[in-house]
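Position chains G, S and L relative to chain E; hints supplied.
Number of protein chains: 4
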Amino acid sequence: MEPTTFTLESINLDHNRVFRDAVHNYIYVENQLIMDLIDTKEMQRLRRIKQLGGTYQVYQSAEHSRFSHSLGVYKIVKTMCKDNCIGKNLNDYDKLTVQCAALLHDLGHGPFSHCFEDAFDVFHEDFTIRIIEEDSEVHQILESFHPGFSKVVSSVIKKEHPNKVLVQMTSSQLDADRMDYLLRDSYFTGTTYGQFDLQRILRIMKVQDGRIVYKKSGVQAIEDYILARYHMYWQVYYHPTARSYEQTLISTFRRIKDLYKEGYDLGDIFYLEPFLKGNISSSQYVDLDESVVLYYFKRFTVSDDKILKDLANRFLNRKLFAYDDAKKEESIRLQCINQGYDPRYYVVSDKQSQEPYRYYGSEHAISEIEIIVENGTIALPEVSEIVGAITNSKKNKEDNKVFYPK
Amino acid sequence: MEPTTFTLESINLDHNRVFRDAVHNYIYVENQLIMDLIDTKEMQRLRRIKQLGGTYQVYQSAEHSRFSHSLGVYKIVKTMCKDNCIGKNLNDYDKLTVQCAALLHDLGHGPFSHCFEDAFDVFHEDFTIRIIEEDSEVHQILESFHPGFSKVVSSVIKKEHPNKVLVQMTSSQLDADRMDYLLRDSYFTGTTYGQFDLQRILRIMKVQDGRIVYKKSGVQAIEDYILARYHMYWQVYYHPTARSYEQTLISTFRRIKDLYKEGYDLGDIFYLEPFLKGNISSSQYVDLDESVVLYYFKRFTVSDDKILKDLANRFLNRKLFAYDDAKKEESIRLQCINQGYDPRYYVVSDKQSQEPYRYYGSEHAISEIEIIVENGTIALPEVSEIVGAITNSKKNKEDNKVFYPK
Amino acid sequence: MEPTTFTLESINLDHNRVFRDAVHNYIYVENQLIMDLIDTKEMQRLRRIKQLGGTYQVYQSAEHSRFSHSLGVYKIVKTMCKDNCIGKNLNDYDKLTVQCAALLHDLGHGPFSHCFEDAFDVFHEDFTIRIIEEDSEVHQILESFHPGFSKVVSSVIKKEHPNKVLVQMTSSQLDADRMDYLLRDSYFTGTTYGQFDLQRILRIMKVQDGRIVYKKSGVQAIEDYILARYHMYWQVYYHPTARSYEQTLISTFRRIKDLYKEGYDLGDIFYLEPFLKGNISSSQYVDLDESVVLYYFKRFTVSDDKILKDLANRFLNRKLFAYDDAKKEESIRLQCINQGYDPRYYVVSDKQSQEPYRYYGSEHAISEIEIIVENGTIALPEVSEIVGAITNSKKNKEDNKVFYPK
Amino acid sequence: MEPTTFTLESINLDHNRVFRDAVHNYIYVENQLIMDLIDTKEMQRLRRIKQLGGTYQVYQSAEHSRFSHSLGVYKIVKTMCKDNCIGKNLNDYDKLTVQCAALLHDLGHGPFSHCFEDAFDVFHEDFTIRIIEEDSEVHQILESFHPGFSKVVSSVIKKEHPNKVLVQMTSSQLDADRMDYLLRDSYFTGTTYGQFDLQRILRIMKVQDGRIVYKKSGVQAIEDYILARYHMYWQVYYHPTARSYEQTLISTFRRIKDLYKEGYDLGDIFYLEPFLKGNISSSQYVDLDESVVLYYFKRFTVSDDKILKDLANRFLNRKLFAYDDAKKEESIRLQCINQGYDPRYYVVSDKQSQEPYRYYGSEHAISEIEIIVENGTIALPEVSEIVGAITNSKKNKEDNKVFYPK
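Protein chains in written order, with our numbering: chain E, 16 to 421; chain G, 16 to 421; chain S, 16 to 421; chain L, 16 to 421.
None of these hints come from the bench; they were simulated from the model.
For clarity, every value in this text was computed on a predicted model and none was experimentally measured.
Treat the hints with care, since some could be wrong.
Pairs involving identical chains hold if they fit within one copy or between any two copies, as the list cannot separate such chains.
[Claimed, not checked] When the alpha-carbon atoms are kept at most 30 Å apart in a straight line, the in silico DSS-like pairs for lysine-lysine are as follows:
(1) Lys173 - Lys366
(2) Lys334 - Lys230
(3) Lys334 - Lys166
(4) Lys97 - Lys230
(5) Lys324 - Lys334
(6) Lys292 - Lys324
(7) Lys292 - Lys103
(8) Lys421 - Lys342
So here's chain E without its partners, still in its complex pose (with noise of 0.2 Å):
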């Protein structure tokens, strides 16, 4: 395998292979490589893991999949790697590299996401490397390609790739994984918020001293971008009613951890048993997904354990927590012991917070978004007044809740 010399054309299949999707419309897969990877286990059972948690109970048609996103963020990479973005600037090798990582960038989420995470404190991040290092199907075809490959696209992830371009491309402040999710969870929320001129920044890319940075003439689009990232984090990410329902998916799974180390018999939960041992192989890792916990759910709702029984209804039927401000939560936490509540499950608390824009400025050029000027480059916040006000303010909008049965 010579990196510099290999060509994508060499691998093409000889019809594309074409999925149909409502954000990009037609997303064309050239070579049989990308699709063997589609074909794997661990990229179909993103099928099975929602893309927003527990978002769809207030936005009721946000049913997507991490899948469909995951095959979106492809699709904007193979975008940027066309000659009339920053195509001329990527070798073939480089191009299939990073394609292969924006498809496989979150392999590693665990149902419901970061409930699953924050209650078994796992990473995605971390399951999503060890997927794809460790033995797995997505692993044997990387390396079926060329032996040493999954760690080439690990690396990107993981971002260490020497070329920073591929990292940019992937994870920072204006990559293809952002750009895609907020396209995708707009549209299937139905909600305006999530609009941006995707094609515009597209055409404003330029690579520039070995990393990506944007044209001057473009600075709205990415203006646009950042405010709609601000509004759907707070207008449908952070939404209370959401939060209620993950807190009480929390409450549940903190149940089951505790009455495991009670050695409470929970019956037949296979799937779900090395994430209380805590010992959790890449293999055992993927067979988790949110049917099973669905599955498991249902049986726990005729459970003797009456909190169990409870929680699971609760989560199963949308008897949601209510909510409050967090100033109140002594004198709500005092109310439900009144009423027979165990706090630990039945009273919990959640903050959120978000910089709207987070300014590392052009020294730390990798991590900030770049506006090409005259002598260089200058970090957003120099260029526009708005996110420059936004950053200057240093007021970070925090939303602080109290959840409990009503």
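Chains G, S and L only, in chain E's frame:
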């Protein structure tokens, strides 16, 4: 309870509840009864049943559930109930009745819809009725509104309600159910085929002689709807890849049934067993959803039965059957047998055909789309050159395929 | 100039020019020749000619011009010229030729399009050719690219170019012109009728035996296009109110001609006079646009001729004619005469009919939409049940109306 | 006429009239008065005035007129008048008043809007008032509804109506005028920038203490609107190419004025002369529209005055001025003089600046966007981190440019 003096206003909520929906934007719920029905476990279960069965294997973003569809149908029926549509011809009791019927009409769908029905010889219509009429949360809520109300609602779904207008609103050739699913499936697949002018059709509806008829000025909106339906069938619902996925599922169910009959130990199949035994209560029915089936299938991927193991793996990890013209079934069967495949599960054929429009004529007015003309009404194909031509051609499009392992 | 060795790259601009467009989003112009053609006064004049004549009297927001349509057709043809469509079958010289033809194909339209043609017995196709071939800015630019190029371009529009593929791209039953206007008119009227899946149709185009044919897998996208066209005709283009507006215009032109023949002093009608005299140079033709006609009409609202004054006022201030079935023409004529209206201008009839699809059969392959089958190609109606039914029904929809003052 | 007992129902049309609109889909007109106003020559003239002046030189499809915008504003105001918005706080007479004001608010716009105002020192607001109050078809229709009604309507536009809610509905920082033009201009330019959630904003409007205030739950929809406005200004309305086109127009008008002052014979300029003389009646004002100006400009392209001829030609045939930073004005002026250009017409500068949000504070409640909080209301920047940051930064974005011949 005096239906004639009942007013919807009397059961209004203090504050409307709202569901965000990608198709209808905001769906407001104004009264407590509807809100209580939405919050039942039978309705919430529909979040775990996909609207389009296996179609998301082709149209990857078509991952929406029957829950959001059900609210969509409710929304369209509620719009029909407004004064600028046919509301003036309905009293408030009938309006509430038909809105309940719209919301609940899909309760009886099993996991993966018609595949499940084919495999276990059940009909979703029957179970919708049973869930409403037998003991369920839905039943209790309807009866507590007033005794006997559950039968009033179910009579609309059974097409036995004396007011045929209510029946036509929810099940006819141009009903709220079809209107919502064409728009919804079109939106989530990302195709343009299913789009039509809903608002215009609602504006030309009238009630005349106790049934719904349409103003001639809007015939083209109806033509467009008929053709939208036709195209969605062939482009989306009958797509061979989706059918391949569904055949894998049907074969898996068939293998399960055969093994069960032989007394093979399938492990813990608590929620599935009633369907194998054949005597299903409505609450057992409700216990089965797609997450449960997916869980069992995951267990079957490590079954000792080679066929079950292979089929479950194909289904979960998208190793789909290939397909060809059904004429080649015999030669394909021989090949498969030679390769050691049991043809009962591995060589399956599937016929699909569709009338673009079913012509009843104005004598069977309830079933026909009738258009107002000077002296009464006539059937759509008499007015529309396009629908007339299609109806007269007597050629139903057919597609007969055989599916088998590659 | 050696057409066979010419490369588009050799005339590339340093920086692409871009036009924002509501239908195609970004339309990039890569070379100087196209840019120079766009900047001619003949092309800029099309900004002052509405695409849809009188239709904006019904669909109020359909105020778009032939200029934006012309760029849209250019954009679609350029997309056809890509490798993933039929680009591999065309050399760069032919690509440039057909792109010029696409851009320029509507140059010869007069103000209010077919009304003007009817009134003055001119054909826009003739004037498009004359403007390209005779002395004009467009002509000079084409000739300065290389002598004789203007005739090469006009031969595509005349359907005489030896490469029939170029002719089919710009004028056939499924050409870039119709594709753009359906999408564009649909967007600006705000109807859904004209939408179809452009991208899919472009993906199934092939060149075979020197002409354009289509893959069978996409027949439904073509059906959808045929029906989109059918519906746009009846719902938009032939809308009776739009035709009423146009009849007012035709009557006004008729009165102007009659008065001119009688030697009546119409005041300063400098730009209109050549059309009344009947010997029009192509530069006189270009001088007439809708703003000039509207100016003259405004002057005529204070004319001493009572009929001209009334008609001009009706046209400018939307006092439209009423309409009825043409069968009633005679009784309406009598009524109008009784009320003192001159029937030559005040009782006008108009017939519209349309074949939803014209069936030529595969022998007349250039004019037919041909579908690839195993042993060659067959005509669309042989493959498509819907188009077949419509074609066989032999019923062309007709609408004959008489227009008169209320 | 007793305003307090007047009901809208009493003037209902037998059949609603409907306008199809690309932005609002269907705009229904229910009563005769509104219909009569739409059919006046003063309203119909707005079809011949583009909404966006020169912007269609950049955004080629932005060719929509002030007529369709005016109907759009009427539609939004009518939606505000519904019970689920603020309709319960308005009597029918006030509803009719504000709907008339919405429809008529742009009557006084001249051709090419602010360019024309700058050139001839007129204000469209003044002429809107004069057309309503002085002799016009609009005036007669309002007065025939009841004597004095024209002054009631114009008092809303003058912001003098005693019910400040009506004033806020049509002219404030968050009024129906801005809401329609952002959505409309966004649609017709094909940008995403101007999109915001109209329906949500209408749902959170309340009347409190005699003015419009907003529920806190919808602050993000308002933020989104503020930023939509900000982006549309810089991305569309202040686009340098559009301003270049407008500067050409202003220079042409300036040359006309100077020549007229010198007594130069400009030929027949009947409709323009009142503006050069400086004493304009409202009916003379109405006689001038864009088609008339374009006609005169076409005549001027063959003027003997070299400057007028050149400028008119530049304007009609898109030979636009180049532009640069206004700092370079002096050196550019010298260059142009050296090349023989008269700098009065050929070196023009233009400053644009914009406050993203004007902060009045809750004391000036009528002018401020007020948000409901527990103890009353506070101004938007106090609630919104984003708007607060922008308001506090005190940096108005500025763009100063000089325009000159290439």
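Q. Under a CA distance limit of 30 Å, which applies to lysine 292 and lysine 324: within one copy, between copies, both, or neither?
A. Classified as both; 22 Å inside a copy, 28 Å across copies.
Q: State whether the alpha carbon distance between lysine 334 and lysine 166 is at most 30 Å within one copy, between copies, both, or neither.
A: between (45 Å within a copy, 27 Å between copies)
Q | Homo-oligomer pair classification [lysine 103, lysine 292; C-alpha up to 30 Å] | A | For lysine 292 and lysine 103, neither the intra-copy (50 Å) nor the inter-copy (60 Å) Cα distance is at most 30 Å.
Q.
Within, between, both or neither: how does the pair lysine 334, lysine 230 come out at a Cα-Cα threshold of 30 Å?
A. The answer is between: 27 Å across copies meets 30 Å, while 50 Å in one copy does not.
Q: Indicate which option fits the pair lysine 173, lysine 366 if close means a Cα-Cα distance not exceeding 30 Å: within, between, both or neither.
A: Within one copy only: 28 Å inside, 48 Å across.
Q.
When Cα atoms must be at most 30 Å apart, do lysine 324 and lysine 334 count as within-copy, between-copy, both, or neither?
A. Within one copy, since 13 Å is at most 30 Å while 37 Å is not.
Q | Alpha-carbon proximity context of lysine 97 and lysine 230, limit 30 Å | A | So lysine 97 and lysine 230 pass the 30 Å test inside a copy (17 Å) and across (27 Å) alike.
Q: Up to 30 Å between alpha-carbons, please classify lysine 421 paired with lysine 342: within, between, both or neither.
A: within (17 Å within a copy, 62 Å between copies)
The structure shown violates just one earlier hint, number 7.
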